[in-house]
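Which chain is which? The protein sequence lines are F and R, in order. End of the first sequence sits at 485 in our numbering; the numbers just go up one at a time, nothing left out. End of the second sequence sits at 96 in our numbering; the numbers just go up one at a time, nothing left out.
Incorrect hints may have been included.
Straight-line alpha carbon distances no greater than 30 Å define the calculated DSSO-like cross-link-like pairs of lysine-lysine that follow [claimed, not checked]: (1) 10(R) <-> 86(F); (2) 10(R) <-> 258(F); (3) 86(F) <-> 76(R); (4) 10(R) <-> 411(F); (5) 258(F) <-> 411(F).
Now the in silico label distances, taken between C-beta atoms and shown as ranges [claimed, not checked]: (6) 337(F) <-> 78(R): 49 to 59 Å; (7) 258(F) <-> 43(R): 52 to 62 Å; (8) 21(R) <-> 270(F): 22 to 32 Å; (9) 391(F) <-> 29(R): 16 to 26 Å; (10) 26(R) <-> 95(F): 21 to 31 Å; (11) 95(F) <-> 53(R): 50 to 60 Å; (12) 4(R) <-> 270(F): 54 to 64 Å; (13) 24(R) <-> 59(F): 15 to 25 Å; (14) 402(F) <-> 75(R): 34 to 44 Å; (15) 51(F) <-> 79(R): 52 to 62 Å.
What the simulated footprint calls covered on chain F by chain R, stretch by stretch (three residues with Cβ under 8 Å from a Cβ of chain R suffice, anywhere in the stretch; the number is not a length) [to be verified]: (16) 130-140; (17) 236-249; (18) 348-357.
Since the hints were made in silico from the structure, they are not lab data. Backbone N, C-alpha and C define an ideal beta-carbon position, used for all residues, glycine too.
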Amino acid sequence: MLHNLFIGELAERLSRREISSVELTRHFLSRIERLNPALNAFITLTGDQALSSAAAADARLGRGERGPLLGIPLIHKDIFCTDGVKTTCGSRMLDNFIAPYDATVVTRLKGAGTVMLGKSNMDEFAMGSSNETSYYGPVKNPWDTAKVPGGSSGGSAAATAARLAPLATGTDTGGSIRQPAALTGVTGLKPTYGRVSRYGMIAFASSLDQAGVFARSAGDAAAALQVMAGFDPRDSTSVDVPVPDYSKTLSQPLKGMKIGLLREFFADLEPRNAALLEDALSIFTGLGAETREVSLPHLPLSVPTYYVVAPAECSSNLSRFDGVRYGYRCENPKDLMDLYKRSRGEGFGAEVKRRIMTGTYVLSAGYFDAYYLKAQKARRLITDDFRSAFEKVDLVIGPTTPTPAFDIGAKMNDPVLMYLNDIYTIGANLAGLPGVSVPCGFVDGLPMGLQLIGPHFAEAKLLNAAHQYQQATDWHTHAPRGYES
Amino acid sequence: MSLTRQDVEKIAHLARLSITAQEMPVYVSSLSSIVDFVDELSRTDTEGVVPMAHPLDGQHQRLRADVVSESDTHEKYQLNAPAVTAGLYVVPRVIE
Numbered sequence: 001m002l003h004n005l006f007i008g009e010l011a012e013r014l015s016r017r018e019i020s021s022v023e024l025t026r027h028f029l030s031r032i033e034r035l036n037p038a039l040n041a042f043i044t045l046t047g048d049q050a051l052s053s054a055a056a057a058d059a060r061l062g063r064g065e066r067g068p069l070l071g072i073p074l075i076h077k078d079i080f081c082t083d084g085v086k087t088t089c090g091s092r093m094l095d096n097f098i099a100p101y102d103a104t105v106v107t108r109l110k111g112a113g114t115v116m117l118g119k120s121n122m123d124e125f126a127m128g129s130s131n132e133t134s135y136y137g138p139v140k141n142p143w144d145t146a147k148v149p150g151g152s153s154g155g156s157a158a159a160t161a162a163r164l165a166p167l168a169t170g171t172d173t174g175g176s177i178r179q180p181a182a183l184t185g186v187t188g189l190k191p192t193y194g195r196v197s198r199y200g201m202i203a204f205a206s207s208l209d210q211a212g213v214f215a216r217s218a219g220d221a222a223a224a225l226q227v228m229a230g231f232d233p234r235d236s237t238s239v240d241v242p243v244p245d246y247s248k249t250l251s252q253p254l255k256g257m258k259i260g261l262l263r264e265f266f267a268d269l270e271p272r273n274a275a276l277l278e279d280a281l282s283i284f285t286g287l288g289a290e291t292r293e294v295s296l297p298h299l300p301l302s303v304p305t306y307y308v309v310a311p312a313e314c315s316s317n318l319s320r321f322d323g324v325r326y327g328y329r330c331e332n333p334k335d336l337m338d339l340y341k342r343s344r345g346e347g348f349g350a351e352v353k354r355r356i357m358t359g360t361y362v363l364s365a366g367y368f369d370a371y372y373l374k375a376q377k378a379r380r381l382i383t384d385d386f387r388s389a390f391e392k393v394d395l396v397i398g399p400t401t402p403t404p405a406f407d408i409g410a411k412m413n414d415p416v417l418m419y420l421n422d423i424y425t426i427g428a429n430l431a432g433l434p435g436v437s438v439p440c441g442f443v444d445g446l447p448m449g450l451q452l453i454g455p456h457f458a459e460a461k462l463l464n465a466a467h468q469y470q471q472a473t474d475w476h477t478h479a480p481r482g483y484e485s
Numbered sequence: 001m002s003l004t005r006q007d008v009e010k011i012a013h014l015a016r017l018s019i020t021a022q023e024m025p026v027y028v029s030s031l032s033s034i035v036d037f038v039d040e041l042s043r044t045d046t047e048g049v050v051p052m053a054h055p056l057d058g059q060h061q062r063l064r065a066d067v068v069s070e071s072d073t074h075e076k077y078q079l080n081a082p083a084v085t086a087g088l089y090v091v092p093r094v095i096e
């Protein structure tokens, strides 16, 4: 079945003209029509545009052009501006917003010939770990629709797992690609900070946000990253470092690769989670890697540090939503202050308001030193710990999440409990490091992920390790029941 | 250190967010628990540690030549505006 093939296999069939991009696109559009209502993974579908993009890709193929993503359908998280297409960030604040330009990520993937099927549902303004804060309703996990898919890129994760597209973009500020990838049994990659342009990606926390991908294999993720990565003069934090050929090094043997077991990750692991990680470690050592324990003593500060830094940055970034130039405006404002307060009070959901207020508080006079400056110091300690670890090992390994997917509604009343879902993912964001989550087994019939984190710009090594693991295991090929066909 | 209702009202005002009287208690309690949670940082020794504003070392703000590189596209960008007159955003009267 077409939707179970990997991107490489689809590209091969397209290149042999066995199928057309239009047929492939129709196949996914009809799956979406049939299967998405139960998942609510999309905010906007772009069927007509998809068919014209597909026809254009077919024309390019017809002229003899070839490319790893030419004619391949994908989904963009609704945080990326897409010219002429509604872009909401999962919020009432942008329910009426038609983006007037394309994000760089969108431009590059379009240039490579991808076909956009639609914009995926997400936690509002990327704030959440369960896709329950979206103005457009929660996304359901295809493995069990009473459970969350994770967040904030829940729609992209669920759609990829449900085989509604072979590829989906996402963003990861505190784990928002890796955590939902783990909870939905797909591969999720967060590149190094600065590797992929943030131009046109609606900002949440500017020193943490990074664009990445969901796919069903490391090989597919590598093909996407190849197109997305690279310097962009329009993003002032984009790093001008050459982009290696990620696909070329996927199959390099892992002999001699040193993988660090993070002591702080392996402490207090739930036994079944621990057992899956033990199995994964045997696979890696069987492939020739050496494992040793490393310690990042300041890592437990990650979550409190993040919940000072990210809200502070979000309070600044979201101040642009003021009801004046775009986005939601309240009715009959009495005066300018009322316009601001009610447009924002009515346009934003509760979690967004909580984070804006947390940020405002920690940046306010009298508290800035105690909270924000302090958190930036803790951030340096955490980053330095990672740096020391990477002097001894090539990559670090651990679980992606503490538990499998939880019930929709289970954690909505306790923000701090929800925040603790990010406990394993946040460190990489604070230190700007690349990370990948790959499926590593099941607990209670629900997928679990293992996470690999590397030093800056080590995406090739991460993808190599993930690919070799996926050659030796088949967790990444499992489909949720009802979505295989 | 829990936050009081007055604290939250002041923060909401600074953040230009309207919070209704009904919603207020929930925000007071959730913001208090968040602040209590992040207070853990205060117990960490950070003597002599340089704050980190950017995840990558050695980065600095790139500058470009001061030449015109964009064209006037305000009509397209203002299609999303709630109220526009003659290229100007219309808001309630500010100056008496």
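Going down the list of hints, with the structure as the test:
1. For a cut-off of 30 Å, the pair hint linking residue 10(R) to residue 86(F) is broken: about 35 Å separates their Cα positions.
2. About 52 Å separates the Cα atoms of residue 10(R) and residue 258(F), which puts this hinted pair outside 30 Å; it is violated.
3. For the hint linking residue 86(F) to residue 76(R), the alpha-carbon distance of about 14 Å falls within 30 Å, and the restraint holds.
4. With a C-alpha separation of about 28 Å, the suggested pairing of residue 10(R) with residue 411(F) holds against the 30 Å cut-off.
5. Note on residue 258(F) and residue 411(F): the hinted pairing is violated, with a Cα-Cα distance of about 37 Å set against a maximum of 30 Å.
6. Taking the beta carbon of each, residue 337(F) and residue 78(R) are about 24 Å apart, not inside 49 to 59 Å as hinted.
7. Taking 52 to 62 Å as the suggested C-beta distance range, the pair residue 258(F) and residue 43(R) does not conform, at roughly 33 Å.
8. Range check, residue 21(R) to residue 270(F): about 42 Å between beta-carbon atoms, so the 22 to 32 Å window is missed.
9. Checked against the hint of 16 to 26 Å, the pair residue 391(F) and residue 29(R) fails, with Cβ atoms roughly 44 Å apart.
10. Checked against the given bound of 21 to 31 Å, the beta carbons of residue 26(R) and residue 95(F), roughly 24 Å apart, stay inside it.
11. Separated by about 33 Å at the C-beta atoms, residue 95(F) and residue 53(R) break the suggested range of 50 to 60 Å.
12. Range check, residue 4(R) to residue 270(F): Cβ separation about 38 Å, and the 54 to 64 Å hint is violated.
13. Roughly 59 Å separates the CB atoms of residue 24(R) and residue 59(F), a value that falls outside the hinted 15 to 25 Å.
14. For residue 402(F) and residue 75(R), the hinted distance range of 34 to 44 Å is not satisfied, since their beta carbons lie about 51 Å from each other.
15. Between residue 51(F) and residue 79(R) the Cβ separation comes to about 25 Å, which falls outside the hinted range of 52 to 62 Å.
16. Beta-carbon proximity to chain R at under 8 Å applies to 0 residues in the region 130-140 of chain F; the threshold of 3 is not reached and the given coverage is violated.
17. Only when three residues or more bring their CB closer than 8 Å to a CB of chain R does the claim for the region 236-249 of chain F stand; here the count is 3, and the claim holds.
18. Under a criterion of three residues with beta carbons nearer than 8 Å to beta carbons of chain R, the stated coverage of the region 348-357 of chain F is upheld, 6 such residues being counted.
In summary, the structure is inconsistent with hints 1, 2, 5, 6, 7, 8, 9, 11, 12, 13, 14, 15 and 16 from the numbered list given earlier, while agreeing with the others.
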